[in-house]
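Quick mapping for you: the protein sequence lines, in order, are chains A, B, C, D, E, F, G and H.
The opening position of the first sequence corresponds to residue 1 in the working numbering, with each subsequent residue numbered one higher.
The opening position of the second sequence corresponds to residue 1001 in the working numbering, with each subsequent residue numbered one higher.
The opening position of the third sequence corresponds to residue 2001 in the working numbering, with each subsequent residue numbered one higher.
The opening position of the fourth sequence corresponds to residue 3001 in the working numbering, with each subsequent residue numbered one higher.
The opening position of the fifth sequence corresponds to residue 4001 in the working numbering, with each subsequent residue numbered one higher.
The opening position of the sixth sequence corresponds to residue 5001 in the working numbering, with each subsequent residue numbered one higher.
The opening position of the seventh sequence corresponds to residue 6001 in the working numbering, with each subsequent residue numbered one higher.
The opening position of the eighth sequence corresponds to residue 7001 in the working numbering, with each subsequent residue numbered one higher.
Derived from the structure by calculation, the hints contain no laboratory data.
Everything numeric in this text was worked out from a predicted model, so none of it was measured.
Every residue, glycine too, gets a C-beta built ideally from N, C-alpha and C.
Some hints could be false.
To be verified - Here are some chain H residues pointing at chain A (derived, C-beta under 8 Å): (1) C7043; (2) L7048; (3) V7050; (4) K7054; (5) H7057; (6) R7070; (7) G7103.
Now for the letters of each chain:
Protein chains: 8
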Amino acid sequence: MGLNVYLSGEIHSDWRDRIIEGAQGLDVTFSSPVTDHAASDDCGVTILGVEESKFWHDRKGAQMNAIRTRKGIADADVVVVRFGDKYKQWNAAFDAGYAAALGKSLIILQPPEHDHALKEVDAAALAVAREPEEVVEIFRYVLTGTLPG
Amino acid sequence: MGLNVYLSGEIHSDWRDRIIEGAQGLDVTFSSPVTDHAASDDCGVTILGVEESKFWHDRKGAQMNAIRTRKGIADADVVVVRFGDKYKQWNAAFDAGYAAALGKSLIILQPPEHDHALKEVDAAALAVAREPEEVVEIFRYVLTGTLPG
Amino acid sequence: MGLNVYLSGEIHSDWRDRIIEGAQGLDVTFSSPVTDHAASDDCGVTILGVEESKFWHDRKGAQMNAIRTRKGIADADVVVVRFGDKYKQWNAAFDAGYAAALGKSLIILQPPEHDHALKEVDAAALAVAREPEEVVEIFRYVLTGTLPG
Amino acid sequence: MGLNVYLSGEIHSDWRDRIIEGAQGLDVTFSSPVTDHAASDDCGVTILGVEESKFWHDRKGAQMNAIRTRKGIADADVVVVRFGDKYKQWNAAFDAGYAAALGKSLIILQPPEHDHALKEVDAAALAVAREPEEVVEIFRYVLTGTLPG
Amino acid sequence: MGLNVYLSGEIHSDWRDRIIEGAQGLDVTFSSPVTDHAASDDCGVTILGVEESKFWHDRKGAQMNAIRTRKGIADADVVVVRFGDKYKQWNAAFDAGYAAALGKSLIILQPPEHDHALKEVDAAALAVAREPEEVVEIFRYVLTGTLPG
Amino acid sequence: MGLNVYLSGEIHSDWRDRIIEGAQGLDVTFSSPVTDHAASDDCGVTILGVEESKFWHDRKGAQMNAIRTRKGIADADVVVVRFGDKYKQWNAAFDAGYAAALGKSLIILQPPEHDHALKEVDAAALAVAREPEEVVEIFRYVLTGTLPG
Amino acid sequence: MGLNVYLSGEIHSDWRDRIIEGAQGLDVTFSSPVTDHAASDDCGVTILGVEESKFWHDRKGAQMNAIRTRKGIADADVVVVRFGDKYKQWNAAFDAGYAAALGKSLIILQPPEHDHALKEVDAAALAVAREPEEVVEIFRYVLTGTLPG
Amino acid sequence: MGLNVYLSGEIHSDWRDRIIEGAQGLDVTFSSPVTDHAASDDCGVTILGVEESKFWHDRKGAQMNAIRTRKGIADADVVVVRFGDKYKQWNAAFDAGYAAALGKSLIILQPPEHDHALKEVDAAALAVAREPEEVVEIFRYVLTGTLPG
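Next comes chain A alone, as it looks inside the complex (with noise of 0.2 Å):
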């Protein structure tokens, strides 16, 4: 047994990054969206063309973004959604929706401050974790039945 992970949510800390290296060794492939923010606001109008209008600007950005999106989310076995402390981060709450409608595992990893606000995301979800080092946790377990310590 292998895992499909997609990785959605918070793209300012190193949190897949310590995911994935955590995970060297174990049957895990990662698909995740493209983490550079200034291109993924701008991809719509850098290849398709300008648009004088933001909203626009920002339509064929984010549909753009939706053929990788859709994509990693419609071949993972598992969704990790990670809420930060900044911004909206109404993507990645949208991610875990669509996730959920799909019938995918969902592990959320979110700080306790968010626990509130995030009641009804996590209903939907097998497990809320705290650090990247307990999804990599989760995904050892799941594919070798190992446990830490």
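Given the structure of chain A, go ahead and fit chains B, C, D, E, F, G and H onto it with the hints provided.
For chains B, C, D, E, F, G and H alone, kept in the frame of chain A given last:
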């Protein structure tokens, strides 16, 4: 043709009332989450017994509310998701993602200051409205072909 | 047994009226797109605000019309798609493909001069008719087992 | 992450070659309909026997081609549909509708003069491109996060 | 609880009447194919025009009948398929396979001499009955919990 | 909003009656398996003929009961599964798994002594209740937003 | 593009061998039912124990064969169903219906004398062939665009 | 043709080893739940933190195990469920129901004394075996057409 509409999101302003009242005379059936904030938070422990941990207190409530939310979205032709000024509103974005994955027609109701933060959500929607009255006009047009003015 | 029928395609002749009138007395419920050409083109900007770019003007309208179109096709047992003499009619062919992928029973209504150009569309259909009255006879036969004459 | 891409539509220009060549080095697997116009028209009767009627001649061919087309679309992550200058191209619009109903990511490749006629098709797409090279840049960005220039 | 039942198969004996009459008073809604053999054979050419080839004559009719058959099976909770003494009855077996793939509850009504030939069909069924009256008793039990005698 | 509810599991106590009676006045439609133990065991052979082998005696009955059970679960928004004190109750757990895979909202009704043995079943549920009256209160809250007391 | 093909139906002539041999060099993967008639009839009782009743003897075998048949059809892009001269061949028609409901591309291989009896089956197919060599040519054309001669 | 097989149920005897060993040389890929009872019970709290309540201790573990279980069942062609002598084994019956609803081929492995209690589970299965070696023989027959002896 009639429409089943689920009204998701913000529960602290009168937007639902304005839509429901405005749509009188149209063949629209509305459903929505429980909008009594306190009841929504405490339903789980009130009915099924107290929890010491706030985390599981929230979980019990969120899962009980999910019985209503999932039914509302599953039965809907159109899901309207309102993002307001306060709170994290991750449950609103979660509902939007859930509805999108089920192929529901999405209408997002949002103030312009949230446009950039909601660009991924908007990119999955068929309309982005600013005022509840616009949503009513969409229903009127979709059902009768009549435009305002 | 009753039939839900969606009438897609050409909006510049009276074919819908001839079918609906001819089917009186049969247990058929009809739906169709908005057939007021001007309203259909301008609905998006009229309700949700003017766009400078014609491209986004069209997008707003097309997505608003999609709320009705998708509902009509999703609820239909049979989708009739009419190809007429004028315009590109790519939306008609799009609806036919959409309906085919959902497993709907397709009836195509077309003049013989389009036969070759429509061969892929016809190949997904259960009937190719020339006149609206033939479509009525199909409904009568399917519902009552009665043939004309 | 790799992408399966189906290239639908116009068969009389070199747009497929330009995309396939441009995408060399990217993890993209392409499929497409048979682009030999004569073979595509006559495959049915050549293999399964002559038909006196042109209508059934066309039907036999179109259904044989559908074996390939449906497989190509079903396996695709992304469906690119090209609308050119000539012919009715209803099969291209049919493929777009078929792909949309299956939830595939759609990219439409079209000249500006078709914008209004294609507005319903575009409304279901995640990108509207003008040149094959833009489609290549979309694939590069989606797969590697790299923007041109 | 009520049941939608589709009665597929043999059209040359009175088994449908015996079931429908026997089920009077039970909350069962029946549908069935057109059982007028001549109409069923000729519907296509009668409505849509004569074919020189018998093969396409049959195709036109079979596809028109499929509009009714697919609707009947799609809406059914239970599909009863009757195999009689005469003819090849491949359409009956086709309907049984179609219904099985859709997860419908199958009841097969067959004489013992066909048991071996129908073993694959029976293996997908929830009941194999010998007489129409047994099918009525199944409906009575399923709906009311009452057994005969 | 109304709810279709299927009441699965234990047939030797009055829990169904307590729920149905308690829910009077709420928009809930109930269905359930045949709860006459003897009829449920013998329905197959009584209607379709005696079997020498107890194994096939049981098979015939279980498949006949499945016509009702599958219909009840398929139509349900909420499936309540009651685990009591006696018997193996594997059919109850089977129904819970079946309902979970179909995405139904699950409520499990169980005494605390079964908590550990039911942990996998509970993990797929939206609520775990101890008394039928709690299930009634869940329905009242889900449908009206009203909490007890 | 490669094709997974399931070869259903008649087991008493060499049609499978002729197709498989003819398709050498093409990217086609074949599967088929067990074609050893005696093994296919007796597999259930041989492995799982003797049955006194021929009916359950057959049932045990048919259900064991269904493990292979369902897997073969589920994995197939194309299902070829051969109707020969002998036996009732209801399992072949059942497979055709099952495959049609799953949206598989169907090719029917039949002698002309069965045309009328198979019209409903043919109406769900994308090709009706007379000889195994024609099926090979279809595969060659679908995969390479090359026509014979 | 190869088979993906998920081995669900009893974890206190060597039945999995006997099947896996017996199937050596056949194209079968096996997966199974974590069979270390202590690890399976405590995985949730060991990785994600201690719970005071046994109920939530169990929930955390059961949901973590569900990541593996759902993946195993979702990927399987065949699900074998073993019922042994001890414990309630409701998770085994839950897995059987879950697999049945997904249309997986079910094989139940059970001693005769459980036949009556498992009749509803068996009624959804394609084979009921008594010994692991019989399951191996089923795989050998399904994959190679060869019967023992």
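Tested hints:
1. A distance limit of 8 Å between C-beta atoms decides the matter here; for C7043 (chain H) the minimum to chain A is near 5 Å, and the interface restraint holds.
2. About 6 Å separates the beta-carbon of L7048 (chain H) from the nearest beta-carbon of chain A, less than 8 Å, and the hint is met.
3. Interface restraint check: V7050 (chain H) against chain A, minimum CB-CB distance 13 Å, threshold 8 Å, status violated.
4. A hinted interface residue such as K7054 (chain H) counts as satisfied when its beta carbon comes closer than 8 Å to some beta carbon of chain A; here the least separation is about 18 Å, so the hint is violated.
5. Interface hint at H7057 (chain H): violated, since its Cβ lies 14 Å from the closest Cβ of chain A, which is beyond the 8 Å cut-off.
6. With a cut of 8 Å, the hint placing R7070 (chain H) at the interface with chain A holds, because the nearest CB-to-CB distance is about 6 Å.
7. Against a cut-off of 8 Å between C-beta atoms, the interface hint on G7103 (chain H) is violated, since the closest Cβ of chain A lies about 15 Å away.
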